[in-house]
Amino acid sequence: MKGLIKAEVRRLVKRRITRLMAVLLVLGLGAIAVAFTVGSQKVGPAQVAAAEAEAQRQYEESLRWHEQMVADCEAAKARGEDITQRFPPDCGNEPGYAPQREQFDASWNLPYEFHFREQFGVFISIFAGIVALFGFIVGASYVGAEWHTGGMMNLLLWRPRRLSVLFTKLGVLLGGVLAVTVVLGALWTAAFWFIGRYDGQTGKMTQGAWESFALSGARGAGLVLAVTAVAFGLASLGRHTAMALGVAVGVGVVSEIGMRIALGIAEIRFADRWVLSTYALAWFEKRWELQDWRACNISFSGQCEPDMFVVTWQQSALVFGVGTAAVLAAAIWLMRSRDIT
Amino acid sequence: MHTQYVVGVTAVLEIEGLRKTYRSRRKGARRALDGFDMVVEAGQVHGFLGPNGSGKTTTLRTLLGLIRPNGGRMAILGEEVPARLSSVAGRVGAIVESPQFFPHFSAQDTLSLLADAGEVPQARVAEVLELVGLRDRAKERVKTYSLGMKQRLAVASALLKNPQLLILDEPANGLDPGGIREMRDLMRQLSASGMTVVLSSHILGEVQQICDSVTIISLGRRVASGPVAEVLAQHSGGGVVVRLESAGDLSSAAQVLVAAGARVDLKPDHLLVTGVDKPAWVTRTLAGRELYVSELAPVTVDLESVFLELTGTAPVAGQHRQVDQSVEVPA
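Residue numbers (full-length UniProt numbering), protein chains in the order written: chain Z, 1 to 341; chain V, 1 to 331.
None of these hints come from the bench; they were simulated from the model. Heads up, a few of these hints could be off.
Simulated crosslink set (EDC-like; lysine to aspartate or glutamate; CA at most 20 angstroms straight-line) [stated by the list, open to error]: (1) Z:K2 - V:E119; (2) Z:K6 - V:D109; (3) Z:K6 - V:E119; (4) Z:K14 - V:E119; (5) Z:K42 - Z:E113; (6) V:K139 - V:D109.
Pulled from the structure, derived: some chain V residues nowhere near chain Z, Cβ distances all over 10 angstroms [to be verified]: (7) G178; (8) L250; (9) R284.
Idealized CB from N, CA, C, for every residue including glycine.
Could you put together the complete structure from these sequences and hints?
Shown next as structure tokens:
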């Protein structure tokens with residue numbers, strides 16, 4: 001068994017698609033980190049002062065424009081022209097019509113400053129999405145190309161216990177993708193912490209804040225592994241990489257476009273509850289609210305509140321868990337029973 | 001002709017009553033193996049012959065656990081398969097049909113990964129590459145290989161385990177004449193070292209030269225088996241070619257032999273006489289009528305003609321035989 005595991009680890013690492021996708025993954029994640037390093041700037045007294053000065057400048061310019069407009073209006077009025085189309089009532093002399101200083105918020109002029117504690121959660125989702133794509137392609141190709149090129153058949157001549165071969169391959173793949181996720185996840189976290197530390201703010205990172213990020217990371221890693229396993233299962237079912245890619249495109253088109261259009265036409269309430277991406281969002285955000293603006297629930301304040309449907313991360317876990325289990329079960333059943341011709 | 005072939009204690013491969021039916025919703029059921037039997041004795045080079053679609057590859061794949069049979073019994077090296085296949089797989093090297101490898105790996109990588117998977121020492125990789133003549137091209141990607149080179153790699157992968165039983169499906173496919181001869185020598189060498197080789201091939205001249213015994217399959221059933229010489233003898237018909245000193249006497253000689261109880265086919269320059277126990281009887285009978293024989297030779301058949309006869313696949317002028325279109329030849 002050790003020999004098979006060693007061979008599969010070597011095979012996975014040796015494959016061109018694994019190496020290519022790993023390079024693209026690192027470059028892609030690196031590019032995002034670099035963009036935020038360059039884009040984020042620590043805000044200090046000098047930046048605040050500059051922003052205040054800019055806000056003042058904008059206020060004064062706006063005031064000049066206003067005064068010019070009032071003068072033009074008065075002049076037109078004196079000439080007996082119709083001013084109602086071109087100028088505000090009373091030529092803008094009404095109280096409160098002139099620009100006020102407090103309308104020009106200095107914070108609008110501050111440079112972008114990355115805030116680790118407040119914003120890193122979104123970056124965990126972005127990271128998980130990108131690594132899941134990596135896992136999908138590598139997972140599908142790893143077993144799909146093996147079947148398609150006859151490598152799997154050769155291997156089964158050496159190792160006739162089919163399920164043992166399938167589970168070893170799946171285990172090695174998931175282990176490999178998990179290792180990539182953990183290592184790159186740690187680097188990703190470190191990169192953004194450094195961006196916050198030197199080009200932005202880290203915020204007060206309490207133990208609770210780190211735990212929250214760790215849980216988000218664990219959910220992200222779970223999704224990466226589920227996507228990888230589904231890709232592996234689909235490619236194994238179809239004995240071709242294209243099977244997994246085809247199903248992914250099919251599900252994408254049917255779920256994200258077809259279902260949305262069809263349910264929209266049928267005016268089904270909370271149509272997005274039937275769309276997979278809703279469950280992905282709920283998985284990352286812990287809960288995702290869908291609103292039906294056609295319903296009106298009068299609140300205490302007398303306002304009209306829409307109906308709401310909440311998708312929780314537990315429901316997402318059920319949807320993704322059952323889907324992954326079903327695909328893997330089918331792949332295992334077919335691996336046991338199929339004639340390899 | 002269905003030959004009884006006694007199962008010896010040294011059989012390394014035994015198949016009895018193997019059945020396999022492929023079912024497809026579109027094409028219905030197709031019986032690929034219909035009670036097929038086969039025995040291969042230890043140390044032999046055994047030819048496994050049959051027309052396209054006769055069930056050869058299905059047999060080999062079933063034996064190797066790639067296809068599930070519907071019935072019958074199989075044993076390799078004394079172990080029942082597929083139940084105990086995993087315990088004998090390490091002693092069986094096989095290539096099934098055309099060689100297939102991951103195209104972006106080199107031969108070296110391909111064999112090295114298989115060696116790891118099978119827990120075979122890596123040193124063996126260099127040995128088999130040398131053996132099949134791929135040493136100098138071992139680091140090139142398989143996608144750059146010709147069919148013959150891929151075939152050599154396939155043989156190398158089968159030899160990697162240093163198996164007791166080597167199963168080769170069309171190993172000469174795509175090889176150049178030199179390669180075919182090398183393959184033949186390799187088979188002999190392996191057999192001499194004690195390895196049992198099962199060889200499926202359509203190059204019947206090769207099979208006749210290197211195989212000790214054969215099994216011929218047609219329509220999913222064994223139609224002949226046994227040592228090559230025995231199979232040939234059983235299908236030679238015991239005929240003799242008779243030439244006379246004077247070709248003008250052929251007609252009268254034919255009449256004499258027919259009258260004496262033989263079956264005679266009159267040809268322009270000779271007689272083909274069958275139904276005689278001993279060729280000397282022909283000489284004696286004709287000499288008694290003052291007809292003198294200048295040449296008396298037993299009719300020899302080759303494996304190709306026996307194969308074509310037994311499988312009913314001999315070409316017929318004006319007809320285009322389709323794959324699977326074998327005919328049942330009466331036993």
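Query raised in the report: Holds or violated: K6 of chain Z with D109 of chain V, Cα cutoff 20 angstroms?
Result: Judged against 20 angstroms, a Cα distance of about 13 angstroms means the pair holds.
**Report entry** Check on R284 of chain V being off the interface with chain Z, judged by Cβ distance over 10 angstroms
**Finding:** holds (59 angstroms)
Requested in this report: Quick one: work out the minimum CB distance from L250 of chain V to chain Z and report holds if it exceeds 10 angstroms, violated otherwise.
Outcome: holds (55 angstroms)
Query raised in the report: Is it true that the CA of K14 of chain Z sits at most 20 angstroms from the CA of E119 of chain V?
Result: Cα-Cα ~19 angstroms, so holds.
Query raised in the report: Holds or violated: are the alpha carbons of K2 of chain Z and E119 of chain V at most 20 angstroms from each other?
Result: Given that 20 angstroms is the threshold and the Cα spacing comes to 8 angstroms, the pair holds.
Requested in this report: Below or equal to 20 angstroms on CA atoms is what counts here, so check K42 of chain Z against E113 of chain Z.
Outcome: holds (6 angstroms)
Query raised in the report: Regarding the pair K6 of chain Z and E119 of chain V, is the alpha-carbon distance no greater than 20 angstroms?
Result: Measuring from Cα to Cα gives roughly 10 angstroms; hence the hint holds.
Query raised in the report: Holds or violated: is the Cβ of G178 of chain V farther than 10 angstroms from all Cβ atoms of chain Z?
Result: The claim holds: G178 of chain V sits with its nearest Cβ about 26 angstroms from chain Z, beyond 10 angstroms.
Query raised in the report: Between K139 of chain V and D109 of chain V, does the CA-CA distance stay at or below 20 angstroms?
Result: holds (8 angstroms)
Violated hints for the displayed structure: none, as all numbered hints are satisfied.
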